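Fit chain C to the given chain L structure using the hints.
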Amino acid sequence: MNLELVPMLQQIMLVLASMVLLISFILMDQVRLVAAIHTFAWQGALIAAITTIVAISEGHMHLYFSALLTFTLKALLIPWMLHRQVRKLELDHEKEALEHPVIASMIAVALVIFSYWLVLPIVQQELIFTRNVVAISLAVVLIGFLIMVVRKQAIAQVLGFMSMENGLFLAAVSATSGMPLIIELGVAFDVLVAMVLFGIFFFQIRESIESLDVDRLNHLSESEKE
Amino acid sequence: MNLQISLLALVQLVLYALLAPLVAGWIHWVKAKLQNRCGARIFQPYRDLYKLFNKEARMAHTASQLFRASPYIVFTATLLAASAVPLLSINLPTAAIADIIAIAGLLALSRFFLALAGMDVGTAFGGMGASREMLVSALAEPAMLVAVFTLAMTAHTTNLASLVGFQLTETFVLRPSFMFALAALVLVAIAETGRIPVDNPSTHLELTMIHEAMILEYSGRHLALMEWAAQLKLLLYGTLLTNVFFPWGIAQDLSLTSLAIGLLSLIAKLLLLGIILAISETVLAKMRLFRTPAFLNLALLLGLLGMLSHVILEIGV
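Sequences listed follow chains L and C, in order. Under this note's numbering, the letters of the first sequence match residues 7 to 232, in that order. Under this note's numbering, the letters of the second sequence match residues 328 to 644, in that order.
Excised from the complex, chain L in its bound form:
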């Protein structure tokens, strides 16, 4: 192995990619809702930074735009919207600990290993320098799934969903140096609309069960009255 031969810019990108993975783990174990939203914002900012680095070293103009788009959308706009909703729903001090945090993080570690095994054929293809990041991005997607499974709080689940989208974006950037700009704009718009819809859903769930704990949707309202 010869990491010394890799340019500094790409070394920085590898470090940033590993930080993205770490943030996925933190997002899963984060007890406080507001802190989890901030963590998510950091993930968006890191992915924007990675996109910028790929843009600089590959010289693709449109990647600068998508980095800017990612930063405004994932690091500023969506966290701000979530933050506002949390304040409106008066969940500022809401805490939700996982039932088995150690098991959850060990499952997440297993998912990282699984995604590494899954992308081994791609890595051996020797495409571009970012190919190692594909495993990381797949792991971020899978951990996003896991967050939606283990968390009960609706807003935390939305954070998992959004971080899954982060992983997909990272995969696109690292495997093929980004999607065409028009598709990226479409995806960005989709995510934004999803965010608005989630906001409406939060209020609806809250009105009908007086909580955002999604597990309570499994109970029949009659049986609860007994």
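Simulated from the structure, these hints should not be mistaken for lab results. Treat each hint with caution, since some may be false.
[Unchecked claim] Partner residues are not named here, just some residues of chain C that face chain L (Cβ under 8 Å, in silico):
#1 503
#2 506
#3 631
#4 636
#5 639
[As the list claims (entries may be wrong)] Residues of chain L placed beyond 10 Å of chain C at every Cβ, according to the derived structure:
#6 38
#7 83
#8 98
#9 159
#10 189
#11 211
#12 219
All values derive from a computational prediction rather than experimental measurement. Here a beta-carbon is modelled for each residue, glycine too, at the ideal position from N, C-alpha and C.
Just chain C now, kept in the frame of chain L:
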């Protein structure tokens, strides 16, 4: 040549024993300044040790021979472990014998006797402290080993001297795995040396203490040895962290100038580390004991992530 190296190892061993109280005193002093107190002088730990060595050692009636022997075993095992960590120079005969797994083993031995001694007298606090210490160390040890294996996978050695040598020969490379390993080892070091937020070394508050609870029954020279061993352990982890991750300045040959440079850089690094530790202890509050497993789980997770990022990001490049 061989004589020189052995002499150097001996000098290093003595230096370890002599520097350890100074580092503890420095951290105390910086902390006092940060908290707007006058604080004791930096050399206060030496005076404390001197005072304790001159005092009579009292024993509880229920104490067995084990209680009497434990301070010597604890101190010797810690000193032996420290002797295998490169301090001034990477030419160490002891480092060739003991790699980092042996160091972990020696530290485990000292901890084992510390816990036994805590339980020996049969007071409630001793047993409580011993059980807590075992809880912390049982969780900290795997995290430490995983972090060390991450380093070993890159440098292809578990020997600390060769590890430092590898770091010195390599040109500057950003390794995500080393960053994770550094973070994991910092958390482990905090837990193992009993600093805030895991344990508070400066109180005897009965409900929260871990290390202090175990040595509560000791007095005189026994207490002095126990405290000295704790200071040594702090210096050991400090040197391990600074010399493995930031090895600049450490001597690679036996000439006097390079040894002097090694000593100066070591002092500079330890001063800086002391300041960082003092700041973190001033701004952080102690955790509840039951939060400690989560803290050490984070350390284990960081170690695992370091290992994974080594395999995923660094090998395929």
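Query raised in the report: Taking 10 Å as the cut and beta carbons as the points, is residue 83(L) off the interface with chain C?
Result: About 29 Å separates residue 83(L) from the closest Cβ of chain C, which puts it past 10 Å; holds.
Report task. May I ask you to test the interface hint for residue 503(C) with respect to chain L, counting a Cβ-Cβ separation under 8 Å as satisfied? Result -> 4 Å, holds
Requested in this report: Could you check that no beta carbon of chain C comes within 10 Å of the beta carbon of residue 38(L)?
Outcome: About 14 Å separates residue 38(L) from the closest Cβ of chain C, which puts it past 10 Å; holds.
Query raised in the report: Regarding the hint that residue 636(C) lies at the interface with chain L, is the smallest CB-CB distance below 8 Å?
Result: Since the shortest Cβ distance to chain L is 4 Å, the answer is holds.
**Report entry** chain C versus residue 211(L) - minimum CB to CB distance exceeding 10 Å, so not interface
**Finding:** 29 Å, holds
Report task. Say whether it holds or is violated: residue 159(L) keeps its Cβ farther than 10 Å from all Cβ of chain C. Result -> Given that every Cβ of chain C is farther than 10 Å from that of residue 159(L), nearest at about 19 Å, it holds.
Report task. Let me know if the C-beta of residue 639(C) comes in closer than 8 Å to any C-beta of chain L, holds or violated. Result -> 5 Å, holds
Query raised in the report: Going by Cβ atoms only, is residue 631(C) closer than 8 Å to chain L?
Result: 5 Å, holds
Query - Evaluation of the interface hint that places residue 506(C) against chain L, nearest CB under 8 Å - result: Holds. Min distance 7 Å.
Query raised in the report: Beyond 10 Å from chain C, beta-carbon-wise, is residue 98(L)?
Result: 21 Å, holds
Query raised in the report: When you look at the beta carbon of residue 189(L), is every beta carbon of chain C farther off than 10 Å?
Result: 27 Å, holds
Report task. Taking the shortest Cβ-to-Cβ distance between residue 219(L) and chain C, state whether it exceeds 10 Å. Result -> For residue 219(L), whose nearest Cβ neighbour in chain C is about 22 Å away, the distance exceeds 10 Å, so it holds.
Violated hints are absent here; each numbered hint is respected by the structure.
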